[in-house]
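Student: I would like the entire structure built from these sequences, with the hints used as guidance.
2 protein chains.
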Amino acid sequence: MSLVTHRSYTGYPMVADAEVAPGMQFLYGSGEAAALDHQAYNTLVDAVRRRLASEKADPKAMSDRTSAVLTPDATLDQPETLPCGDRPRAVVFDVDETLLLNLGFEYDDATHPGAPYDEAHWLQWEQAGVDRVAAVPGAIAAVNELRTMGVTVVFNTNRSAANAAFTEAALDHAGLGPAKHGETLWLKGDLGSGSGKDSRRQAIAARYCVVAMGGDQLGDFSDLFTGTPQQRRAAVSSPAIRGMWGRFWFVLPNPVYGTALKGGLDDVFPADKRWTPAAGDK
Amino acid sequence: MSLVTHRSYTGYPMVADAEVAPGMQFLYGSGEAAALDHQAYNTLVDAVRRRLASEKADPKAMSDRTSAVLTPDATLDQPETLPCGDRPRAVVFDVDETLLLNLGFEYDDATHPGAPYDEAHWLQWEQAGVDRVAAVPGAIAAVNELRTMGVTVVFNTNRSAANAAFTEAALDHAGLGPAKHGETLWLKGDLGSGSGKDSRRQAIAARYCVVAMGGDQLGDFSDLFTGTPQQRRAAVSSPAIRGMWGRFWFVLPNPVYGTALKGGLDDVFPADKRWTPAAGDK
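In order, the protein sequence lines correspond to chains A and B.
As numbered in the numbering used here, residues 1 to 282 make up the first sequence, in order.
As numbered in the numbering used here, residues 1 to 282 make up the second sequence, in order.
Read the hints as simulated data drawn from the structure, not as lab findings.
Everything hinted at is true.
It does not matter which identical chain is meant; a pair holds if it fits inside one copy or across any two.
DSBU-like cross-link-like pairs, simulated, lysine-lysine; straight-line CA separation at most 30 Å:
1. K262 to K273
2. K56 to K180
3. K180 to K273
Tutor: Right, here's the structure in full:
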């Protein structure tokens, strides 16, 4: 970690009675977010259970079923999915703010208002946070139920490959393991990938029939979701894609960080929907 | 509207290039929130379709099925649900940030940073905003599919009874109507209720078998969710309640306002999960 990084952080002294940002109140402190979490995990497990039951009832049709992973040449207009064949069934999950809540790291962020994101602190946290993460509500039960059904749980995260052993330990400590790097744990840098996850998804899909995926960022489902906030929003709702949500792709809420937190007034509020109250009293 | 209210608002001049708060970027501008919306609506419609199919396959069992509405003497530890009998099927939805996005009102909020919530402005908005709301992604298709299945769509909202005609018009304009006050639209003040919704839910459940409910606040499901943030969070995840989410109760994300946005550091970050980076360089 460079001295510059350290200096820039210490410019933001710890505030022990800091106000908690609304996004953190929501994600880490609210019943509403916990309800969204349980909803995502209940519906994911129910969908996988129904699929396995229908495959058991009609084994010949099993090899015709498709994966939740898009083909390498899929587009958002033509989101073709990979064939499954008779590969063993798996569910692919992102890790951070999908299965794990990074409470310690976010506490540090909350108590240093204004401090920018610091990659070196994050890498330190991947090591130090092993026992200061918590499972997302509903995640432990879901992972256990999937494994009981014979479904392999695979983790595809942008945590660093250099810290693989710490992430394996964090998942174990939270009650979500086992995770084994190169088998059921895929990290940033694996396969020469950057933060894009498609190449890792293809490698996972070569071994498994991926019956569902879970994540808090659109990139946890496909790297194709790019562009402006309104373009990403339109793609999610397009006729070709909208049927995936809650059936093959399961979203966890995260208003604290990530690709969702972009945009100025023109990106967020359509011109024809603006309003200000009448100037005088009513 | 009092002069005081007007004065307090004009103390916060409009800022045309205001930064958009992260919660608003998430809810009104992100693909991730749209994906959560579609997920909630897809899974709600799928659950209702499966239930109706199983009732059709076994009509004798239909009267044994229960409602998504708790009994008047239910507790969170013993959340008994009402019997359905042969009442017509309905789904009960909250309105604001469940079916409708209040883009105009929130634009005004975004461009007046620091201004407190102003009830008089909100009441003005209920009238003026009829054509400046938008349907939540997935809501129109869901409402249409439910009606096609023969399920009545009922609205239970804390908009004011005095503005009933404007809310009926707003729902129509957004493509979600019809809504008729006293029949399929229930408002704050109906039945002498305050903002609690249980008395209205009981009245709805006396006429209908409520097969699912949708909302963005825990109070859209039961008035029993009270207490501190951690108490509410624990209740949502309790063994008696956690199975409701995504099966009978369907949650839409809202990190912009409401009961989820409470709590200081002690409410949001458990004492044993806190962390700060090492003081020196790594």
